Amino acid sequence: MDNLVMATPEQSVTERVEPLAQPPPSIEPAPPLTFQVKNLSIWYGEKRAIDNVTLDVASNAVTAIIGPSGCGKSTFLRALNRMHELVPKTRMEGTVLLQGEDLYSKNVDPAIVRRRVGMIFQKSNPFPTMTIGENVIVGLRLNGVRNQKFLNERLEKSLRMAALWDEVKDDLHKPGTSLSGGQQQRLCIARALAVEPEVILMDEPCSALDPIATAKIEELIYELKARYTIVTVTHNMQQAGRVSDYTAFFYLGRLIEFGPTTKIFTNPSERQTEDYITGRFG
Amino acid sequence: MYRSGLPLLINVLSFMAVAASIAVGERSVQARMASPSRFGDKAFEWLTLAMALVVVVLITLIGWQLWIGSSVAIKKFGFHFLVTSTWDPVAEQFGALPFIYGTLVSSLIALLIAVPLSIATAAYLTELAPLWLRQPLVSLIEMLAAIPSVILGLWGIFVMIPWLRDYPFPFLKRVFGWTPFFSGPIYGPSMLAGGIIIAVMILPIITSVSREILRSVPDLQREAAYGLGATRWEATRIAVLSYAKKGLFGAVILGLGRALGETMAVTMVIGNTPQIAASLFKPGYTLASVLANEFTEATTDMYLQALFEIGLVLFGITILVNLLAQLLLRTITTASTTRAVQ
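As you go down the protein sequences, you meet chains E and C in turn. Okay, so the first sequence: first residue is 1 according to our numbering, each after it adds one. Okay, so the second sequence: first residue is 1001 according to our numbering, each after it adds one.
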């Protein structure tokens, strides 16, 4: 199984050494996979944004995607819930499997994909005409949930999971845009959590936030991974180091290196990765 | 160590020269720049203020002229002018109520037809239409705005009215004939025909303003909706239309302003009968139409005075409607924020 390569990157090393000279390699069981991306390429018009990327995303873990601007990391993220299709004239090749199902097979409705794979954006985007409460449950309402008791339960639960409940519980009828930037972003996280997705994609979720708000979101990401699989794009090297279990380094649309964050940050195999992480370019 | 003093001297000198030139260069760049002039700023301020005032002066002057031109009639008829229905130039009895009614009702009909059509068109153009279709459609809609009013009126007389009389009007009568609005005989030229032709005329402006407003909705809003699993209609509804609510209301008001003053095409299809009838199949008359029709035949001073007062009333209604709309807009906005703050 080739996705084992991701799970135990040291395997290739251990295979090459003499079996008797070393203690037997401790083969960890492969973690379950949420996404299996194979030979993914994406074009915007003539421009190739993603070039033949193969990568597996482990369940209940945080996978960070790093790389310089324009390296395709955001496009890759969006390919995981078909959001990139909103841009006209996109074309893709390859496969993306979510829990083994092909996201791009003809009979899959992108709306269903996006219910299962939620997304948080660079800038918080609560709906300005809705109250805080309405913002949280809008996804459930959209998808036909009418039971008020259930909606109220989900409202509180989602806000609690997003670590926002105590701050807004008395202001649920205020407009979502009345909150501070960091609170708005957590409101957007609550909104995404309310529909109980399997995965949460985050596209530079902290890039517009101050360090304190950023710390809160990072803490939240850490807590959320117990229940969700998280894929996050970040420009911030320290953030990737702090929150993620796996790191993928993209450059010019290609996946340069992928592995456990500790390995990527301490002992990268590729020169380009090392140069980028140490700040020599990017 | 230098072997002789000369190269050292040259070195030192050249270094000093470079240093000096840098220093001089810096000073001269700073020195070359003129002290910031306050004159330009002031002139700009006054110039733009003057331009802005032109509009205010123009509106005041128009209102003043209409007032002067109708002062005798205003004195003679007073408030009765607005609430009586007799329009008899021979007996010099003038009441403008049927015209006021006709203007308001025909504009209302026009809005009822044009607003849903325009906003739906704008939503289609910004959210749904394939890219290759967008520009041709926009051009077509703009072309509709370019059709001269009188041509549209001719089309109304020779094409629209006969068609309305044969198909939609009998249908409306059959289905809604029990209401007073669609009862009575079908003439053809009618309040409803007038409203429909105005709708055609205000469609382009409402559509193109709405389209600009929908286009200005940030993509981040759309993505928020799509990210939750919204379909295209749902995303358009919760992220686009509701975000743009205020702007769309403004677009509608702009259309209403046009509708109230629309003259030529309406005059040609509305029937020009000063009466207040519940049935929309009956002919009507608008303020703008009576002005256009009767100015040339206003032989007596009082007749002319009365027509001037009609102009003043139309002017007043247009301003009043705009003020009311702005007030309404403000109430809507504050209502939503107070509801939110409570």
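Please note that a few of the clues may not be correct.
Distance condition first, Cα-Cα at most 25 Å in a straight line; then the derived BS3-like pairs of lysine-lysine [unchecked claim]:
(1) E:Lys38 <-> E:Lys225
(2) E:Lys89 <-> E:Lys106
(3) E:Lys123 <-> C:Lys1246
(4) C:Lys1282 <-> E:Lys174
Derived contacts from chain E toward chain C, CB cut-off under 7 Å, selection only [to be verified]:
(5) Val87
(6) Pro88
(7) Thr90
(8) Ala111
(9) Arg114
(10) Leu142
(11) Gly144
(12) Arg146
(13) Lys225
(14) Gln238
Label-pair ranges, simulated between beta-carbon atoms [unchecked claim]:
(15) C:Glu1212 <-> E:Glu270: 27 to 37 Å
(16) E:Gly144 <-> C:Glu1212: 48 to 58 Å
(17) E:Gly181 <-> C:Leu1131: 28 to 38 Å
(18) E:Lys89 <-> C:Glu1142: 23 to 33 Å
(19) C:Leu1131 <-> E:Phe150: 35 to 45 Å
(20) C:Leu1049 <-> E:Asp210: 34 to 44 Å
(21) E:Gly181 <-> C:Leu1140: 41 to 51 Å
(22) C:Glu1212 <-> E:Thr95: 49 to 59 Å
(23) C:Thr1331 <-> E:Ala215: 39 to 49 Å
(24) C:Pro1162 <-> E:Gln148: 20 to 30 Å
FYI, nobody ran anything at the bench for these hints, they're computed from the structure. Computed from a prediction, not measured in an experiment: that's the story for all the values here. All C-beta atoms in this analysis are idealised placements derived from N, C-alpha and C, irrespective of residue type, glycine included.
Practice item. May I ask you to test the hint 48 to 58 Å on the CB atoms belonging to Gly144 (chain E) and Glu1212 (chain C)? Key: Check failed, 33 Å falls outside 48 to 58 Å.
Review point. Against chain C, is Val87 (chain E) within 7 Å by beta-carbon distance?
Key: violated, 9 Å
**Study point:** Satisfaction of the hinted span 28 to 38 Å by the C-beta atoms belonging to Gly181 (chain E) and Leu1131 (chain C)
**Key:** Distance hint for Gly181 (chain E), Leu1131 (chain C) holds at roughly 34 Å.
Point to revise | Pairwise hint evaluation, Lys225 (chain E) against Lys38 (chain E), where the allowed Cα distance is 25 Å at most | key: Within the cut-off at roughly 24 Å; holds.
**Study point:** Restraint satisfaction for Arg114 (chain E) [CB to CB of chain C, less than 7 Å]
**Key:** holds, 4 Å
Exercise for review: Quickly compare the C-alpha distance for Lys123 (chain E) and Lys1246 (chain C) to 25 Å and report which way the hint goes.
Suggested key: Given pair Lys123 (chain E), Lys1246 (chain C) holds - Cα atoms ~23 Å apart, limit 25 Å.
Check your understanding: Minimum Cβ distance from Gly144 (chain E) to chain C below 7 Å?
Key -> At about 11 Å, which exceeds the 7 Å cut-off, the nearest Cβ of chain C leaves the hint on Gly144 (chain E) violated.
Exercise for review: Using the beta carbons of Lys89 (chain E) and Glu1142 (chain C), state whether their distance is inside 23 to 33 Å or not.
Suggested key: Hint holds: Cβ distance 25 Å, inside 23 to 33 Å.
Practice item. Return holds or violated for the Cβ distance of Pro1162 (chain C) and Gln148 (chain E) against the range 20 to 30 Å. Key: violated, 55 Å
Exercise for review: Mind checking the CB of Leu142 (chain E) against every CB in chain C and telling me if the closest is under 7 Å?
Suggested key: holds, 5 Å
Practice item. Could you grab the alpha-carbon distance between Lys1282 (chain C) and Lys174 (chain E) and see if it respects the 25 Å cut-off? Key: violated, 50 Å
**Study point:** 35 to 45 Å as the expected CB spacing between Phe150 (chain E) and Leu1131 (chain C), which holds or is violated
**Key:** holds, 41 Å
In summary, the numbered hints that this structure violates are 4, 5, 7, 11, 12, 13, 14, 15, 16, 22 and 24.
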